[in-house]
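Protein chains in written order, with my numbering: chain A, 1 to 398; chain B, 1 to 254.
To be clear, the hints were calculated from the coordinates, so they are not data collected in a lab. Don't take each hint at face value.
[Stated by the list, open to error] The list that follows gives simulated cross-link-like pairs (lysine-lysine, DSS-like), each with its CA atoms no further than 30 Å apart:
no., chain 1, residue 1, chain 2, residue 2
1, B, K22, B, K48
2, B, K185, B, K198
3, B, K118, A, K339
4, A, K331, B, K63
5, B, K126, A, K260
6, A, K97, B, K22
7, B, K222, A, K79
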Amino acid sequence: MDVQEKLQILADSAKYDASCSSSGSKRASKKGLGNASISGICHSYSNDGRCISLLKILLTNACIYDCEYCINRRSNNIKRATFTPEEICYITINFYKRNYIEGLFLSSAVIKNPDYTMDLIINTVSLLRNKYNFNGYIHAKAILGASPSSIKKLGQLVDRLSANIELPSEASIKLLAPDKNEKSVTKIMKQIKENKNKNFVPAGQSTQMIIGATNDSDYDIINKSSQLYQNYSLKRVFYSAYMPINQSPLLPMVTIPPLKREHRLYQADWLMRFYGFKAKDLLEKDDNFNLLLDPKITWALKNLSEFPKEINKVNYYELLKIPGIGPTSAKRIIKCRKKFKITFLDLKKMGVVLKRAKYFITCDNQYYFKRDNFNKNFIEKKLILEEKPQYEQMRLFE
Amino acid sequence: MNRVVTYIYDDTFIDLISLIAKLIINKARPYSIQSKKNYVATLFSEYKEYEFDPKIAKKLLNKLSHKIKKTIINIYLSNNKSKEVVIYYFIKNSLKYKDDIFQMRNLKCVHEGLKISKNVTRETHKFKGFTRFKLLNNDVLYAEISPTNDIIFLLSKHFKVRLRNEKWVIKDVERNIYCIYEKGKTYYVNDNVLEANKLEFDENENQIEKLWKNFFNTISIKERENKKHQMSLMPKKHWKYIVEMEDVYEKSDK
Ligand code: SF4
């Protein structure tokens, strides 16, 4: 089989992984080809609007396991292929020199056994780093069940190492991925967390959950995420709307992936990481997110008694609670208001977007609308009308 | 009738700084500053020019912090029509506020200046991703770009590190500027030292491009297709120079 056909098969099997992030690595590199960029770079956007930063491929799609939701499962009748390490190097180096990509994201199905698969991944990455002096970004998947010594070896070669949790509860994992269990994932996460430094997985670890393949609620999902962030210092949890690829009585009967739901989860995830929100602030037990309004607005409407907030007065964390105001705007407001009293006009000049914020703030005790418009009905109606009918995708890199 | 005075300078950054230094000394309030090559004389306008003085230009620059200098260079590299006047007022206020200038966003020159500067930084960042090289048969990587702002200088700093052991050339097609890199050094030339239609590609170039296009088309998930979103992130104006979009570009009405 030629390399053209292999690439087609092994990119096709890799495309469901949501991660394409290439940021956060401070790995020093003075020699050889390439470097890692701290802020991450998108090189292209595919027809589905997702960022292409890395050459995202599987080493092989010939899997010994049989996860229900996966295109590569053993019982599927599909074409199988396996790259040689040299082939992967050839594509990576040639793509990188032409500036098509920021680096490589190498994942794999489990061929023969976990350690055998890990060895193939290690060989490939080590060839890239040592023979080809490649210093671009590398994200590798840790294979569940691989020995700690192989994790250690691989971690020293890559920028990011990750293990996918796939589903938010042990019961769901048991149901859909009977060869896996939560423990085998968290064991790897723990090892990565404990060894992380500038020479071992410098860009940190991430993971991914499939959304909508099981009955788990959004509350279960974001709770799981916040646990993972806390226990293993993950950089990112990625959410991947369930794609109906396989037919199985264990899988839901859907034809359209739940993209809006996925989007809401990304927003909530953002709020937990950068805005000081806790899972329990955002949802009640077993609840799902409102698909009409984003999680921050939903929260603000529920806690309207905390508003309107005075821009010239409230502290950083209070500013962050205002819909439409993020860390950049909040910091800017704090700096500028030391120099002058901020009016609505100033906010515009400062580049603070008022579209949502204007309902929830006062500037020097002025409200944007007539004061008696400050009530839930008015605000909710306006905001629902303003919400874009089409979902917006979050940027999938940091 | 009052005539509008346009101050003109000799098309380089240091000339502009020299002019601004003189204007500050003379306490002028310039209505318009233009580079010689952009200045168009009209019946009711009048222009003024000062002699270039590298000493006072240097003296002025020395009073500005690194961060302020970086910002005004960014503004200078933009394609904004009134960037010179913005730079004038930005510098004038910087002398007064020092680095606090970055918090004085209620001043017009500051919020406009920072907006322009950010726009330049942003475009540079985009081109770190969108620039596409092709390998020529003499082992040189060659790229053509057509950015809105004059970012080739900022962009080259990035590739100087990333492709440090390669030989490469980036051409800004509209401005007819080439950045040539070899062994740690960059050179800027603006003649047609390399004639683009005479370029000969490496024998594997076709195969690699085919591999890339193959990957690009495969990695998209059909059920999630959203070309509108794709287009808003990678606007049409870039397609001509992005190899994986060239087929779409050829078919589209340009
Ligand atoms: S182990 Fe991975 S590749 Fe294999 S079937 Fe499960 S999800 Fe798919």
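Hint check:
Annotation: proposed proximity of B:K22 to B:K48 holds, straight-line Cα distance about 12 Å (limit 30 Å). Pair hint B:K185 plus B:K198 holds up; C-alpha atoms about 25 Å apart against a cutoff of 30 Å. A C-alpha spacing of about 22 Å is found between B:K118 and A:K339, which places the hinted pair at or below 30 Å, so the restraint holds. At roughly 27 Å between alpha-carbon atoms, A:K331 and B:K63 fall within 30 Å of each other, so this suggested pair holds.
Between the alpha carbons of B:K126 and A:K260 the distance comes to roughly 27 Å, so the proposed pair stays at or under 30 Å and holds. Straight-line distance between C-alpha atoms of A:K97 and B:K22 comes to about 47 Å, which puts the hinted pair past the 30 Å bound. The straight-line distance between the Cα atoms of B:K222 and A:K79 is roughly 19 Å, inside the 30 Å bound, and the hint therefore holds.
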